[in-house]
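Generate the whole structure from the sequences, applying the supplied hints.
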Amino acid sequence: MAKVCFILVVTTVVVVVLGFAASTVHGQGTRLGFYRAKCPNAESIVRSTVQSHFRKDPTIAPGLLRMHSHDCFVRGCDASVLLDGPDSERTAVPNLTLKGFEVIDDAKSQLEDACPGVVSCADILALAARDSVVLTGGLRWEVPTGRRDGRISLVSEVNLPSFSDSIEVQKEKFRVVGLDTHDLVTLAGSHTIGTASCRFFSYRLYNFTTATKSGADPTINPSLVGRLRELCPEDGDGSNRVELDIGSPEKFDLSFYSNLRRGGGILESDQKLWNDDSTRPTVRHYLGSRILRGRSTFKVEFGKSMVKMSNIDVKTGIEGEIRRVCSEVN
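Take 1343 as the starting number for the sequence shown in the working numbering and just add one per residue.
The set of hints was computed from the structure by calculation and includes no laboratory data. All values reported here derive from a predicted model rather than from experimental measurement. It cannot be assumed that every hint is accurate.
[What the hints assert, rightly or not] Cut-off 30 angstroms, straight-line C-alpha distance, at most; resulting in silico cross-link-like pairs (BS3-like, lysine-lysine):
no., residue 1, residue 2
1, Lys1646, Lys1380
2, Lys1646, Lys1593
3, Lys1513, Lys1398
4, Lys1380, Lys1593
5, Lys1593, Lys1515
6, Lys1513, Lys1441
7, Lys1593, Lys1513
8, Lys1398, Lys1593
9, Lys1398, Lys1515
10, Lys1441, Lys1398
11, Lys1515, Lys1441
12, Lys1380, Lys1515
Given below as structure tokens:
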């Protein structure tokens, strides 16, 4: 089984200062410093918890980032993906491989001890995603908080962007939640860390087309096909995992986009970002941008797009609740 090793990258932490008030994104009521009075150590508790788990298992970083994304695309960023149950979002096929639930539970337990009934699971998830990016070499951005937790989680409502979606379908799934093409290309950059199961892309390696002698997807770099077939044999069960950013899977950097330019996108939906005329310019922009003191245009823009995503249909004020346990409603 393929294993991906992560290392802790020590970088200078740079705060991304956004050019708009976080509380105005999508007209929602989140804001910076929401817990300053009622739970001043909230962010530091989440950060130290993520750091502690990361030291033991670095793969929780992409896991938490992915979990936050999967949460926001269904019912908005209300921690509905954390709710357990026979017909909950967690039972949907794309969510069966989510990891990091224990990190959120650990942080929640500590926060309940420090500030009972104050910090939502939805905010913990948003903060943990940001802290995961920082631990792998990305830039720190300010996370507006004040989300409340939802009470509904239904597997029937899960319609996430998929590994085989066309660019038009991807753009539509982003559009309906208020995100644009720029956000699509930018947030796909989260695949610079993490892995994917062979079952999500091995169909590209065998009998994909009769136009090539190998039968592989012709958009895959031919030099990569043999390596991927070794990792994902045709008669395998599809459970082996392959790094999404071959060559630099442990660092939050630009190599994911460089790979797309060379036909090295592992997921079909990722490779299409380079092949499509509407998304290629943004990839080229990131690859051609100047890097100064670790601040690439991509890293800065990623923080901005994450703030937009993390404010999708959030519950604030008297909506929802503050769960005592993240996996169940009060």
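Status of each hint after checking the structure:
Pair hint Lys1646 plus Lys1380 holds up; C-alpha atoms about 26 angstroms apart against a cutoff of 30 angstroms. Pair hint Lys1646 plus Lys1593 holds up; C-alpha atoms about 19 angstroms apart against a cutoff of 30 angstroms. A C-alpha spacing of about 37 angstroms is found between Lys1513 and Lys1398, which places the hinted pair above 30 angstroms, so the restraint is violated. Distance check on the hinted pair: Lys1380 and Lys1593 sit about 35 angstroms apart at the alpha-carbon level, beyond 30 angstroms; violated.
For the proposed pair Lys1593 and Lys1515, the alpha carbon gap of about 28 angstroms is at most 30 angstroms, so the pair holds. With a C-alpha separation of about 26 angstroms, the suggested pair Lys1513 and Lys1441 falls inside the 30 angstroms cut-off, and the hint holds. Straight-line distance between C-alpha atoms of Lys1593 and Lys1513 comes to about 27 angstroms, which keeps the hinted pair within the 30 angstroms bound. Straight-line distance between C-alpha atoms of Lys1398 and Lys1593 comes to about 17 angstroms, which keeps the hinted pair within the 30 angstroms bound.
As the CA atoms of Lys1398 and Lys1515 are separated by approximately 35 angstroms, the hinted pair breaks the 30 angstroms bound. Taking the CA atoms of Lys1441 and Lys1398, the gap is about 14 angstroms. The hint holds against a cut of 30 angstroms. Distance restraint check for Lys1515 and Lys1441: the Cα-Cα separation of roughly 23 angstroms lies within the 30 angstroms cut-off, and the hinted pair is therefore satisfied. At roughly 37 angstroms between alpha-carbon atoms, Lys1380 and Lys1515 are farther apart than 30 angstroms, so this suggested pair is violated.
In summary, the numbered hints that this structure violates are 3, 4, 9 and 12.
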